[in-house]
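Each chain, letter by letter, is given below.
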Amino acid sequence: MSGQSLHPPLVSAPLLPPMAPPSGIRPSPATWIRKNLFSTPFSGVLTICFAILAAWLLHQLVSFAVLDAVWAGGQEECRANPDGACWPFIVEKFDYLRYGAYPVSERWRVDLTMAIGAVLIVWLLWKRAPRRNVAALLFFVAYPAVAFVLLRGVASLDLPVIDTVLWGGLLITLLMSIVGIVFSLPLGVLLALGRRSELPLVKAVCVTFIEVVRGVPFITVLFMANFMMPLFVPDYLTPDRLLRPLIAIALFSSAYMAEVVRAGLQAIPKGQYEAAKALGVSYFTMMRLIVLPQALTIVIPGIVSTFIGLFKDTTLVAIVGIADFLRAVETARVDPNWAGPTISSTGYLFAGLVYWIFCFGMSRYSQSMERALARGHKS
Amino acid sequence: MSDVLLAAPSRRSLSLHDAKVRGIIYQLLLAASLLALAIGIAVQTASNMRARGIPLSFGFWNEAAGFDINQTLIPYDTLSTYGQAFWVGLVNTLYVSLLGIVLATILGFVIGIARLSPNWIVSKVAASYVEIIRNIPLLLQLLFWYNAVLKTLPAPRASIELPGGIYLNNRGLIIPEIQLYAGAGSVGLAFLAASIFSVAFWSYARRARDRTGKQLPVLWVSLAALIGLPLIVFLLVGSPVSFVTPELKGFNYRGGHQLYPEFAALLIGLSVYTASFIAEIVRSGIQAVPKGQTEAAHALGLAPGKTLRLVIVPQALRIIIPPLTSQYLNLTKNSSLAVFIGYPDLVQIFAGTVLNQTGAAVQVMAITLSVYLAISLVMSMAMNAFNQRFAIVER
Numbered sequence: 029m030s031g032q033s034l035h036p037p038l039v040s041a042p043l044l045p046p047m048a049p050p051s052g053i054r055p056s057p058a059t060w061i062r063k064n065l066f067s068t069p070f071s072g073v074l075t076i077c078f079a080i081l082a083a084w085l086l087h088q089l090v091s092f093a094v095l096d097a098v099w100a101g102g103q104e105e106c107r108a109n110p111d112g113a114c115w116p117f118i119v120e121k122f123d124y125l126r127y128g129a130y131p132v133s134e135r136w137r138v139d140l141t142m143a144i145g146a147v148l149i150v151w152l153l154w155k156r157a158p159r160r161n162v163a164a165l166l167f168f169v170a171y172p173a174v175a176f177v178l179l180r181g182v183a184s185l186d187l188p189v190i191d192t193v194l195w196g197g198l199l200i201t202l203l204m205s206i207v208g209i210v211f212s213l214p215l216g217v218l219l220a221l222g223r224r225s226e227l228p229l230v231k232a233v234c235v236t237f238i239e240v241v242r243g244v245p246f247i248t249v250l251f252m253a254n255f256m257m258p259l260f261v262p263d264y265l266t267p268d269r270l271l272r273p274l275i276a277i278a279l280f281s282s283a284y285m286a287e288v289v290r291a292g293l294q295a296i297p298k299g300q301y302e303a304a305k306a307l308g309v310s311y312f313t314m315m316r317l318i319v320l321p322q323a324l325t326i327v328i329p330g331i332v333s334t335f336i337g338l339f340k341d342t343t344l345v346a347i348v349g350i351a352d353f354l355r356a357v358e359t360a361r362v363d364p365n366w367a368g369p370t371i372s373s374t375g376y377l378f379a380g381l382v383y384w385i386f387c388f389g390m391s392r393y394s395q396s397m398e399r400a401l402a403r404g405h406k407s
Numbered sequence: 014m015s016d017v018l019l020a021a022p023s024r025r026s027l028s029l030h031d032a033k034v035r036g037i038i039y040q041l042l043l044a045a046s047l048l049a050l051a052i053g054i055a056v057q058t059a060s061n062m063r064a065r066g067i068p069l070s071f072g073f074w075n076e077a078a079g080f081d082i083n084q085t086l087i088p089y090d091t092l093s094t095y096g097q098a099f100w101v102g103l104v105n106t107l108y109v110s111l112l113g114i115v116l117a118t119i120l121g122f123v124i125g126i127a128r129l130s131p132n133w134i135v136s137k138v139a140a141s142y143v144e145i146i147r148n149i150p151l152l153l154q155l156l157f158w159y160n161a162v163l164k165t166l167p168a169p170r171a172s173i174e175l176p177g178g179i180y181l182n183n184r185g186l187i188i189p190e191i192q193l194y195a196g197a198g199s200v201g202l203a204f205l206a207a208s209i210f211s212v213a214f215w216s217y218a219r220r221a222r223d224r225t226g227k228q229l230p231v232l233w234v235s236l237a238a239l240i241g242l243p244l245i246v247f248l249l250v251g252s253p254v255s256f257v258t259p260e261l262k263g264f265n266y267r268g269g270h271q272l273y274p275e276f277a278a279l280l281i282g283l284s285v286y287t288a289s290f291i292a293e294i295v296r297s298g299i300q301a302v303p304k305g306q307t308e309a310a311h312a313l314g315l316a317p318g319k320t321l322r323l324v325i326v327p328q329a330l331r332i333i334i335p336p337l338t339s340q341y342l343n344l345t346k347n348s349s350l351a352v353f354i355g356y357p358d359l360v361q362i363f364a365g366t367v368l369n370q371t372g373a374a375v376q377v378m379a380i381t382l383s384v385y386l387a388i389s390l391v392m393s394m395a396m397n398a399f400n401q402r403f404a405i406v407e408r
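These protein sequences, in sequence, are chains A and B.
The working numbering numbers the first residue of the first sequence as 29 and each following residue consecutively.
The working numbering numbers the first residue of the second sequence as 14 and each following residue consecutively.
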């Protein structure tokens, strides 16, 4: 310091050694336990009760799924073991659970469709991927056509046509959810725009559709699609048995999607609309280039959670005779060859795990997106 | 001056460049296409129905149904009409939904509050519950409860005996039947009188508080009235109640009240599933109340319990109630999953059996959809009224 030469030092030259921080500030394991587990007597009692409960549940799960489970062998071993899961059953049924009765020689087509879909979805959802709009275009326009050609088959392309009766398992579940999202998102955007339209008739039609669909259970919509759609059209136009629930799921989720998109539209400041109008931009250009890009970005978490709901709702298509993943588990479970005591529990545990991994993954993505968006708005 | 300058042109131009004209044209086009679609569908449906011999009228409503329903809350037998079957289904749907709403609310609030507990293990257990249950389809959970839990219970002959004459087996839970004798009505009347008194006392106490600033012990007085008065009357008329304990006769139990496994699985599944969503709503509602509110209440010297009851909960409730309503509606709609495990709800009886027997798809679906829409409408209206009472009065 320059002042040192002018004034005598007010501070003693050798600095005192720093004192240790008071105990309890630096979180040692003991203080952490005291603070988070035994802060009050009541909290201590709760800790002990819940620790016992959690330990018991974990022990039950681990001993059922791992320790007491049958890992190798076959039907005899499973019948002899009433305590643990029967994994050979899942191994044997694995292909059935994935493809249903899709012909074995053609299953590469399912794999290829799923691989393309997975690549496109990762491209679309990965925040730093280049040219995500191309991915969106491919996913929403080109992919449905490619998937249709691959899965159903076109005779002229040397891909034999596979009747939809044979489709099943995870293939149906993923197909239902992908079709649901691909068609419900654009439809939902249209409905949301219609609901906020200044034209009274357009608004009334959209509000009625959205509120009616959201007011009834999905099962009744499926029933309607299955029983009434064939009555609505001439015989030669009757939709395929798989197409009817697909239409139902697309219409049903579009109403929910519309409400999510509407929330996004409402969150866009009015100045954005007014500025666009002041510049003389037409309604559709304004929506396409100014409002929707902003609105859709902020509702990505909402879209993902609607999609999670849609993914879980695909289980209900079993009611109209479609063999989705859960239905395949149900069919496999009652196979008399595998009538072991824990076959049902094993099947449900496996199905639960599969659904949980998909849904939990998606909800994690939506949470990370939410955090990223919150950061973006603060800066 | 400015009026003159800004005056609208007197002549209205009828050109396509006028947004209003275009709007009218769009709407006319929409109306025309919707109308064409509706007429086309109506004509096609009528001709298809005639061709397939499907009834076009609602005449089936008064025809004998000819099937039996094992769980009814209102009188019904094989000779009853389709119309009566409809009412049985509707009452069953409402019954399981109402019970489910009560259970899911209790469970959801407990778990939501547990998630905010400062106790690490309590909050982690609650968080795991939410994350596991929420991410597994409801149908899978229902099938699990029904097929893997309730159906694997022992047969009636090897029932699990619980204290108090309660038996648990794969046909359900059998509890003693309550039989009422003369004089039981007066107990009910006493309870009614106590309820009226409690409401009157509550409103008196509120007025007294506004006048004097003193809080009367409303809770204790009403509890004493609600429990004490019926109890006194009960003892005075000489305990007009007896229990009929169920007895094993042949392959099943006779006497006693039976809770069927289909009903139990549906109730457990719906409550457990919906509770995970309610827990998240409760958690975010409580977290949305600014911390300054708690600090201000403490600074004013309010005890922690009163802070929670008088400051935090009223504000959190305002945020919680609208999404809670939609969860209640979801639960009611999800009760239609009963059809998968065979509980006779509206969809299973009416949109299932009645539709298959009569073939009257259009009429049956129209009635079913209207019922669910009406339930949605009534519930959202009730909740909106409730919400308005709770809504904060902003400056």
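It cannot be assumed that every hint is accurate.
[Claimed, not checked] Computed list of chain B residues with no C-beta within reach of chain A, every gap over 12 Å:
| id | residue |
| --- | --- |
| 1 | Ser70 |
| 2 | Thr85 |
| 3 | Leu242 |
| 4 | Ala277 |
[To be verified] DSS-like, lysine-lysine: derived pairs with alpha carbons at most 27 Å apart:
| id | chain 1 | residue 1 | chain 2 | residue 2 |
| --- | --- | --- | --- | --- |
| 5 | B | Lys319 | B | Lys227 |
| 6 | B | Lys304 | B | Lys137 |
| 7 | A | Lys63 | B | Lys164 |
| 8 | B | Lys164 | A | Lys305 |
| 9 | A | Lys231 | A | Lys298 |
| 10 | A | Lys63 | B | Lys319 |
| 11 | B | Lys33 | B | Lys164 |
| 12 | A | Lys305 | A | Lys231 |
| 13 | A | Lys298 | B | Lys33 |
| 14 | A | Lys63 | B | Lys304 |
| 15 | B | Lys227 | A | Lys231 |
| 16 | B | Lys304 | B | Lys319 |
Because the hints were derived from the structure by calculation, they are not lab data.
This structure is a prediction, so every number in the text was calculated from the model and none was measured.
Every residue gets a Cβ at the ideal spot worked out from N, C-alpha and C, and that includes glycine.
Straight-line alpha-carbon gap lysine 319(B) to lysine 227(B), limit 27 Å: holds, 15 Å
Hint consistency between lysine 227(B) and lysine 231(A) [alpha-carbon to alpha-carbon, up to 27 Å]: Violated, at roughly 53 Å.
Restraint check for lysine 63(A) with lysine 304(B), where alpha carbons must lie at most 27 Å apart: holds, 20 Å
Restraint check for lysine 63(A) with lysine 164(B), where alpha carbons must lie at most 27 Å apart: violated, 45 Å
Holds or violated: lysine 305(A) to lysine 231(A), with C-alpha atoms at most 27 Å apart: holds, 21 Å
Distance rule for serine 70(B), whose beta carbon must clear each one in chain A by more than 12 Å: holds, 16 Å
Pair hint lysine 63(A) and lysine 319(B), alpha-carbon separation not exceeding 27 Å: Roughly 24 Å separates the two Cα atoms, so the pair holds.
Non-interface claim for alanine 277(B), where every Cβ of chain A lies beyond 12 Å: holds, 17 Å
Given pair status - lysine 319(B), lysine 304(B), alpha carbons within 27 Å: Cα-Cα ~15 Å, so holds.
12 Å cut-off, C-beta based - leucine 242(B) kept clear of every residue in chain A: About 34 Å separates leucine 242(B) from the closest Cβ of chain A, which puts it past 12 Å; holds.
Non-interface claim for threonine 85(B), where every Cβ of chain A lies beyond 12 Å: holds, 21 Å
Hint consistency between lysine 298(A) and lysine 33(B) [alpha-carbon to alpha-carbon, up to 27 Å]: Holds, at roughly 21 Å.
In terms of the numbered hints stated before, the structure departs from hints 7, 8, 11, 15, listed from lowest to highest.
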